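Asker: Sequence:
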Amino acid sequence: MSRYNKILVAMDGSEASKNALKQSFKLAFDEKMWMTVVAIDPPYLGDIDLVGISNIKEVLKGRGDELLEEARGIAAEEKASIKTRHEEGEPFEKIVEIAEEEKCDLIVMGRRGLAGIERTLMGSVTAKVIGHFTGRTLVVPHDTVLGWKNILLAYDGSKYSEAALSEAINCAKSYGGSLKIVNVVYTNDEFIANAPDVVEKMVMKARETLEAAKEKALREGVETEIFVRDGEPYDVITSLAEELKTNTIIMGSRGKTMLGRILMGSVTSRVIGYAPCP
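With our numbering as the guide, the letters of the sequence shown map in order to residues 1 to 278.
If you're looking for bench data, these hints aren't it; they were derived computationally from the structure. Wrong hints could be hidden among the right ones.
Capping the alpha-carbon separation at 30 Å, the derived lysine-lysine pairs in DSSO-like fashion look like this [stated by the list, open to error]:
| no. | residue 1 | residue 2 |
| --- | --- | --- |
| 1 | 149 | 79 |
| 2 | 103 | 149 |
| 3 | 79 | 159 |
The structure displayed is predicted, hence computed values, not measured ones.
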């Protein structure tokens, strides 16, 4: 079952990262959970010229210390224990490096309130972490609350979504939640008009795929409902999440190739950017 025993939370001073830390404590089953909070100073390359600041590295370090002190205060309010680390380097590389070094089950990051193209890109550090980290990453929007009672899984039968299905089933079992599974048939008005028979076959195939996933979940005792929708995948998924009052969306990531590590799939990145929930 998905009990996250080792969690890494990245703090950057934003309200989103503070909320991500607070929500992370909800993942704890008992005092055995180990949580590390990291603040990372970007590498100083000696090309910043600030009047009145003689040692920029000390200024940057001081900011990191402040963030970790604030994290310790949040942990004290939540009556939780955390370990803190203050590092210097490329943020996404350090986050992944520390997570692998400490054998973390999960990386938790905040998502700021974004608009326009920023939602599509949803933050280069977050995208690169997801693309490079081989484990799980949880992205928490700045004004949301983490919950597992109503989980939405985006599923297309690929090996990536099979891994996500296993995770979704385990989360539902571990936290007593129900599962909604959606398969999105990508269409547009022109496609529907010119090839209605093809669309119908795609919908039938999607339903067959979902029925097989539902059967796996039911065998594990997880209450499950399936949805076949057509349209722009990221828009359908995020709209359905709002419609169903979803607590958490689970998806597979297609990262691990050079370009994929940066973009890790336009659907995944856009869902994260527009999602109304973690």
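Asker: Next, verify each hint and record whether it holds.
Answerer: Hints, verified against the model:
1. With a CA separation close to 24 Å, the supplied pair residue 149 and residue 79 stays within the 30 Å bound.
2. Restraint check for residue 103 and residue 149: the C-alpha separation of about 27 Å stays at or below 30 Å, so the hint holds.
3. Taking the CA atoms of residue 79 and residue 159, the gap is near 39 Å; set against the 30 Å cutoff, the hint is violated.
Figure legend: structure checked against the earlier numbered hints; the only hint not met is number 3.
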